[in-house]
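Protein sequences, first through last, are from chains A and B. Number 68 in numbering that gives the first Met the number 0 belongs to position 69 of the first sequence; there are no gaps in the numbering. Number 192 in numbering that gives the first Met the number 0 belongs to position 193 of the second sequence; there are no gaps in the numbering.
All clues given are correct.
Just so you have them, the derived chain B footprint on chain A, three or more residues with Cβ under 8 Å:
no., stretch
1, 27-33
2, 39-47
3, 85-99
4, 102-111
Just so you know, these hints were derived from the structure itself, not from any lab. Even glycine gets a Cβ: it sits at the ideal position worked out from N, Cα and C.
If you want the building blocks of each chain, they are given just below.
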Amino acid sequence: MSRRITLALRLLLGAVFVYAAYTKLRQSWLLFALSIDSYQLLPEWAVFAVARTLPALELALGVLLVAGVWLRHLAILAAAILALFFSVMIVSYFRGAGIDCGCFGVGEPLSAKTLARDGALLMAALALVALTKRLRASGLGLPA
Amino acid sequence: MQLFAFALVLAALIVSAPSAQTKSTRATGPVTAAVRIDVFSDFQCPACKSLHEQTIKRVKEEFAMKGKVRLVHHDFPLPQHKHARHAAILAAAADRLGKYDEVADALFRQQESWIQSGNVDAVVDSVLTPEERKKLREIAKDPAIVAGIERDVQLGQRMKVSQTPTMIVTHDGKPNPVVGVVGYGVFSKYLNSIVGP
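Just chain B, same shape as in the assembly:
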């Protein structure tokens, strides 16, 4: 029964992951990688900023881009974070322009300022050209963007994610939740132990 439930969740993960054809950078690394990391994150959560800046960026460079792991970002905006959903919508829209990394980095880097001002758009605009800004506004209106975020949230709930950041590291068919901020040193040692040489 547990195995069946896990198979369902895994199938949902694969379906919900952005496909390679869209040139999405929310998912990095080969689909066939032996280790899969699903990151459930909220742009307005300070711990998510720390995890992104200290650990995720390096994991992406050192493991995902070298084909050792599959790293997938999922939006999990918490209801108590007023601007988190809007930030997630803009980041998802930026992904369609191939600018997800730039926008996500900017949102986390300037998190403190837009949490106070509420001006998420200005932060996003700062890393886009005028033409890209225009396109992004159009894309952000697409109901599929909001639906994608909703799918991420539902997936997180099915995987018993209750707080952010949460990483689900799946290896040998077994998902292991890693909750909160963990440093790159400890996390990379764990990944090396399961990725192998």
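Next comes chain A alone, as it looks inside the complex:
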């Protein structure tokens, strides 16, 4: 059972990361830079650095999660990235910033709905971390 849930979670998270990367890579990276800048949390150089690198990181993470390699480490990385996104969104939402989420390209306002979705994804990533740890401890191995 744990193996099936692990498989479902890694495929779900992998697909979400690949889709998030696709929506950003198909448009100008500067449009994504504008979304990041609207959060008003990073200096200009960091905005450009994140806009340039994050889509590639999301793509690599998504592909590797779907492939099922280095699963334990990648599950931790996915959870860490989603936790970071979630905290940044929570802070901006409660600060009253009327901005775009920037999660899947442009045009999606940061709302309670986006927070619920990202919160659920974070929970899924944390569950994947826990399951991979348990499977490893039980010596059952991870599903390919």
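Dock chain B against chain A, hints included.
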């Protein structure tokens, strides 16, 4: 179908834009510019103040006035902002006197004070001569002023504007919404990438 809808919105944008004959300064830059920026803003919203002061003024100077982009201001007073509509009416009236920029700058600069006192008129008056003040009061009574603001709001709703400030950057027939406050550095780099040399 999507293309048809976009053509309709674009036609509405062109019709709703203040014409050059009225000497309006709510729209700057050539109508034929390859890039068009429609700014939907509310005088009472603090984020709109930041965007106006940090970014829009410089975009106007560096891009619109140099003919690289067409920059158009649209009023989008939010219902929860008690004095926003009155401020928009006075600014639109000031536009007919050729004083839009002065009034808009003053409204944003002194935003905190008139939000608290509700005395929008005093802020507007501070940048006008006594004669202009008198004319402005007359113009503000014109139903066309309120109708113009209503048209802006309806246009924003058609363009799926839900919060302020929102800029719709249209290039190659494709509208891209930019929501919230973005700094001039990042925005100008984006504009340079689509405006070309």
